[in-house]
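Q: Fit chain B to the given chain A structure using the hints.
There are 2 protein chains.
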Amino acid sequence: MAPTNREFLERRNRLLGPGNPLFYDEPVHLVRGEGVWLYDADGQRYLDCYNNVPCVGHCHPHVVEALCEQAAKLNTHTRYLHENILDYAEHLLEKFDDSLSRVVLACTGSEANDLALRIATANTGGSGFICTNATYHGNTAAVAQLSSIFEPIGGYGEHIRMVSWPDSYRALHDLSGEQLSDAYADQVRAAIDSFSDAGIPFGGMIVCPIFANEGLPDIPEGYMQKAIGHVHNAGGLYIADEVQAGFGRTGKWWGYEQSGVVPDIVTLGKPMGAGHPISGVVANGKLIDEYRSREMYFNTFGGNPVSSAVAMAVLEVIENEELVDNAATVGDYVFRGFRDLQARHEMIGDIRGAGLFFGIDLVTDRDTKEPAPDKAKTIVNGMRNNGILMSKIGEHGNILKLRPPLCFSKENADVLIETLDKVMVTV
Amino acid sequence: MAPTNREFLERRNRLLGPGNPLFYDEPVHLVRGEGVWLYDADGQRYLDCYNNVPCVGHCHPHVVEALCEQAAKLNTHTRYLHENILDYAEHLLEKFDDSLSRVVLACTGSEANDLALRIATANTGGSGFICTNATYHGNTAAVAQLSSIFEPIGGYGEHIRMVSWPDSYRALHDLSGEQLSDAYADQVRAAIDSFSDAGIPFGGMIVCPIFANEGLPDIPEGYMQKAIGHVHNAGGLYIADEVQAGFGRTGKWWGYEQSGVVPDIVTLGKPMGAGHPISGVVANGKLIDEYRSREMYFNTFGGNPVSSAVAMAVLEVIENEELVDNAATVGDYVFRGFRDLQARHEMIGDIRGAGLFFGIDLVTDRDTKEPAPDKAKTIVNGMRNNGILMSKIGEHGNILKLRPPLCFSKENADVLIETLDKVMVTV
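If you're matching them up, the sequences are chains A and B in order.
Remember, the numbering used here sits 48 above the position in the first sequence when you count from 1.
Remember, the numbering used here sits 48 above the position in the second sequence when you count from 1.
With the rest of the complex left out, here is chain A (with noise of 0.2 Å):
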């Protein structure tokens, strides 16, 4: 019989300590997975609408296929030469804009965003970096500093510039258009201008090109290409975190695409393995070249003939299932579906993303635009208890996160949609 929920804190807490994090005020205890669904110990199933990390599915029979007989033939470091990683690295290579042109993998998008920054350092000499205001790249002490939505130990370092994030909802002084993709670029310019006071040499701006955790903004007109632009007339390098938006989860294969500004480092993790812990920075041959020359990288797990069989397994699922294509075409007929639903609830004030990942902004009114939190949390809570799994985000923690497997399909939006709509009814 499986454990009472009680129990099982009481044993978590105990072994892994009562700050260690968990989803919803009744947790879930998943015991199995299967495309877009989830299992509990009860038997009762869940539409996964949350994890993008299974992005071609739970549990997907060629990836686990893939892993199975890599695990059982070889799991070596790289340090000797093995095939998979070069046939992974070649197949994700052609993904990318040519200039990105080589990889270095890891394990985790926090190795990745640590080493991007390095990467940077090593090639501009700068060690001043700019992020946004409401954000989140990973859990090492460096890229903790760049964690505008939970300080780190010791706080920030003088060597981080936080700028607003590109909100054209609540926008910057009420302003639109080139005015307010100019007001918002110029903070990036006077980030850089005040490194340049305090004598830090300036390295670049790291952003997710879809502002994932700040709630994906319909970001302003121009606002990239004028901010990437002071970035790269400063001698520093535009790093694009793609752990959220890349494979396919834009109904694009890579989040950069959105703006058309091609990043100089791209770095990758989440749903790069479907749940196995691979992790990537590509970039292009020089960057990596030049950081290679001055600081010995080896990571012991990185691109193994497993992981890199993993990784592989991934690309071919979403090539052959067309799953780029259906994040876009589903995603539309969920942006649809939530048009339908804005209509009916007054507290939906927004409603962005782009492919299979959405941001709907709760207010309290639509007109004073006020951030409705409780509401946010009431309404994950909810969908938990109807069988739905959701999130929340954004400096205000008022924005519905939605961000299903790829596979995600028009009957599975149905009934996400449906749900949403009986469980805002009560709130």
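Derived from the structure by calculation, the hints contain no laboratory data.
Warning: the hint list may mix true and false statements.
No copy is singled out in the list; a pair is fine if it fits within one copy or between any two copies.
Below are the EDC-like pairs computed for lysine to aspartate or glutamate, each with C-alpha atoms no more than 20 Å apart in a straight line [unchecked claim]:
1. Lys-334 x Glu-394
2. Lys-121 x Glu-82
3. Lys-300 x Asp-245
4. Lys-334 x Glu-58
5. Lys-121 x Asp-88
6. Lys-470 x Glu-459
7. Lys-300 x Glu-364
8. Lys-121 x Asp-90
9. Lys-334 x Glu-418
10. Lys-417 x Glu-131
11. Lys-143 x Glu-206
12. Lys-300 x Asp-380
13. Lys-470 x Glu-206
14. Lys-143 x Glu-305
A: Same frame as chain A, but now just chain B:
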């Protein structure tokens, strides 16, 4: 047909960059592993005397089965409840001193060390750390600061002090006994004083408890007690990096058992998942809880149901096959064989280690003890050409490093010793 090494390297350099590290003058193209054996694309067999990651032997069926079974069932992050992580945590913590009561799971040893530093900082308020002058603790920006054998990008920060590793072969000032351990421990006290003089609050000392990268010294009697005594007197914490020493490698479960000084924080990695990327930080619950109350730490892949199942299977194999005892017994046998070689080969200055982890210190002259890195390089490549994989370590690169899977047998040992004898004759 397998590609030639030249074709392989051209492709590898194009995709990963020429700075990507490789072993041996003529790299090995491995395609299969089983137990202590590795096989290349031409069917040539190699006795693995290097790899500690597949600690239970390459592709152990019990580990592969646990991996495949769980990967086909469910793989999610730990914000849902799952029993695997708790079963594993409970089993793992039983192996430690009672004071080490909680665990945080991550993916790599680098992540574990990076986190351990912040746990120490959260509890001591200190940001100043001591490491040795010939070590390596991983590849994040924070732990690269502790890597005295590879200088990090931008150089070392003010918050790091390096002390001499406790060498009893080329002993400091030719001291011995109590005087020697006092002299090395005095460096720790001096480093603490220098933090104090610089106004940098002291956080602690991180060392591999068997000083593996330094060259596996016979630790001068009482050194750890004295050094850690100074650390504790100054309010710092002792972080034991067990990434290489842990999980039975030394013929005991943990490297710290050699000295008997129980660490405040232990970090785990490499062999933990026998190649699957899992790592951990084990510490007193109070230390972990204090950290968690001050910083949000969440690791997407850390401790997921698949990683936990794999790590549990590794623990089970170590226990069921009595691999800790095997490391002790076969280790002693190998050690005696190396002593016989030392009687015949003048180049062997010193033989050190414990369990199945050996360092053979090569010298040009036994009286001057001048390191012989060229001989070490020639022997490592000569052994590779004779079907045995090993490497070298130490600040001079003159110490042969042998660290076979824990299932290494006396028959394997005979092959190793006989081949090493044969290769040494030709150098």
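Q: Confirm or reject each hint.
A: Evaluation of the provided hints:
Taking the shortest Cα distances, Lys-334 and Glu-394 never come within 20 Å of each other, neither inside one copy (52 Å) nor across copies (46 Å). Only between protomers do Lys-121 and Glu-82 lie at most 20 Å apart by alpha-carbon distance; the minimum there is 8 Å, versus 26 Å within a single protomer. Taking CA atoms no more than 20 Å apart as the test, Lys-300 paired with Asp-245 passes in neither setting, with 40 Å inside one copy and 56 Å between copies. Proximity of Lys-334 to Glu-58 under the C-alpha cut-off of 20 Å is restricted to the inter-copy arrangement: shortest distance 16 Å between copies versus 52 Å within a copy.
For a Cα distance limit of 20 Å, the shortest separation of Lys-121 from Asp-88 across copies, 12 Å, qualifies, whereas the shortest one inside one copy, 33 Å, does not. Taking the shortest Cα distances, Lys-470 and Glu-459 sit within 20 Å of each other inside one copy (17 Å), while across copies they are farther apart (70 Å). When the C-alpha separation of Lys-300 and Glu-364 is checked against a cutoff of 20 Å, the pair qualifies only within one copy, where the shortest distance is 16 Å, while the shortest distance between copies is 44 Å. Taking the closest pair of Cα atoms, Lys-121 and Asp-90 come within 20 Å of each other only across two copies (15 Å); inside a single copy the shortest separation is 36 Å, beyond that limit.
For the homomeric pair Lys-334 and Glu-418, neither the shortest alpha-carbon distance inside one copy (47 Å) nor that between copies (40 Å) is at most 20 Å. Within a single copy, Lys-417 and Glu-131 get their C-alpha atoms no closer than 54 Å, and across copies no closer than 42 Å, so neither meets the 20 Å cut-off. Taking the shortest alpha-carbon separations for Lys-143 and Glu-206, neither the intra-copy value of 37 Å nor the inter-copy value of 42 Å comes in at or below 20 Å. Taking the closest pair of Cα atoms, Lys-300 and Asp-380 come within 20 Å of each other only inside a single copy of the chain (13 Å); across copies the shortest separation is 59 Å, beyond that limit.
For the identical chains of this complex, Lys-470 and Glu-206 are neighbours neither inside a copy (48 Å) nor across copies (58 Å), given an alpha-carbon limit of 20 Å. For a Cα distance limit of 20 Å, the shortest separation of Lys-143 from Glu-305 inside one copy, 11 Å, qualifies, whereas the shortest one across copies, 50 Å, does not.
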